[in-house]
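Novice: Numbering follows this note's numbering, with no gaps: position 116 of the sequence shown is 996.
Any given hint could turn out to be false.
[Unchecked claim] Straight-line alpha carbon distances no greater than 20 angstroms define the calculated SDA-like cross-link-like pairs of lysine to any residue that follow: (1) K953 <-> G1023; (2) K997 <-> R940; (3) K953 <-> G935; (4) K956 <-> G1023; (5) K956 <-> V973; (6) K956 <-> I944; (7) K956 <-> D1002; (8) K997 <-> S978; (9) K953 <-> E964; (10) K956 <-> P992; (11) K956 <-> E937; (12) K956 <-> G935; (13) K997 <-> G947.
[Claimed, not checked] Across the chosen pairs, the derived CB separations fall in these ranges: (14) G1023 <-> G995: 31 to 41 angstroms; (15) C993 <-> G1024: 32 to 42 angstroms; (16) A977 <-> G1024: 34 to 44 angstroms; (17) A942 <-> P1009: 28 to 38 angstroms; (18) H994 <-> K956: 17 to 27 angstroms; (19) T1001 <-> S978: 21 to 31 angstroms; (20) E937 <-> G1008: 31 to 41 angstroms; (21) G1029 <-> L980: 18 to 28 angstroms; (22) E963 <-> P1015: 19 to 29 angstroms; (23) L980 <-> G935: 12 to 22 angstroms; (24) P992 <-> G1023: 27 to 37 angstroms.
Hints are computed from structural coordinates only; laboratory data are not their basis.
Glycine included, every Cβ here is placed at the ideal spot set by N, Cα and C.
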Amino acid sequence: MNARRRTVLAAGAAGATALATGCGSSGGDGGGDASSTPTASDGATDGASPDASGGAELARTADIPVGGGTVFKEQKVVVTQPEEGDFKAFSAVCTHASCLVSTVSDGTIDCPCHGSKYSITDAAVEAGPATRPLPAERITVSGGVIRLG
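Build the full structure now, drawing on both the sequences and the hints.
Specialist: Listed below in structure tokens is the structure:
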């Protein structure tokens, strides 16, 4: 086999490997366990200042609609408020093809690429082609401020 053909084949194999890695499974069974989802702490009993977590401020609690949420594209995180005062955060990277989710509406977090939809409550898949929930992200809520981390 000549050197040029080997180079083209090697580049194609590297690209296929990268694609499979980006879209492959992390070994999970596709089921989410809501009990292990990190949730926001209300900070009411810990006496910590709003800056104690050291996390970046994402939003004020009043900015996240009840029964909805907001996508923070720069941070690749989506924050939801399924019920008043109950804030959740999930990765904004779709588990199907690694697109960023774009909207939160009608109780779901929606991906524009292939139509996957995730629950605002626990990020479980409500409509495919995604088969795995969005991973949870840790946030803290204190003094009306939502912080990442």
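Novice: All the hints need checking, so say for each whether the structure fits it.
Specialist: Going down the list of hints, with the structure as the test:
no., hint, in the structure
1, K953 <-> G1023, "violated (24 angstroms)"
2, K997 <-> R940, "violated (25 angstroms)"
3, K953 <-> G935, "holds (16 angstroms)"
4, K956 <-> G1023, "violated (23 angstroms)"
5, K956 <-> V973, "holds (7 angstroms)"
6, K956 <-> I944, "holds (16 angstroms)"
7, K956 <-> D1002, "holds (17 angstroms)"
8, K997 <-> S978, "holds (13 angstroms)"
9, K953 <-> E964, "violated (23 angstroms)"
10, K956 <-> P992, "holds (15 angstroms)"
11, K956 <-> E937, "holds (14 angstroms)"
12, K956 <-> G935, "holds (14 angstroms)"
13, K997 <-> G947, "holds (15 angstroms)"
14, G1023 <-> G995: 31 to 41 angstroms, "holds (38 angstroms)"
15, C993 <-> G1024: 32 to 42 angstroms, "holds (34 angstroms)"
16, A977 <-> G1024: 34 to 44 angstroms, "holds (36 angstroms)"
17, A942 <-> P1009: 28 to 38 angstroms, "holds (35 angstroms)"
18, H994 <-> K956: 17 to 27 angstroms, "holds (18 angstroms)"
19, T1001 <-> S978: 21 to 31 angstroms, "holds (23 angstroms)"
20, E937 <-> G1008: 31 to 41 angstroms, "holds (34 angstroms)"
21, G1029 <-> L980: 18 to 28 angstroms, "holds (20 angstroms)"
22, E963 <-> P1015: 19 to 29 angstroms, "holds (21 angstroms)"
23, L980 <-> G935: 12 to 22 angstroms, "holds (20 angstroms)"
24, P992 <-> G1023: 27 to 37 angstroms, "holds (34 angstroms)"
In this structure, the hints that do not hold are numbers 1, 2, 4, 9, in rising order.
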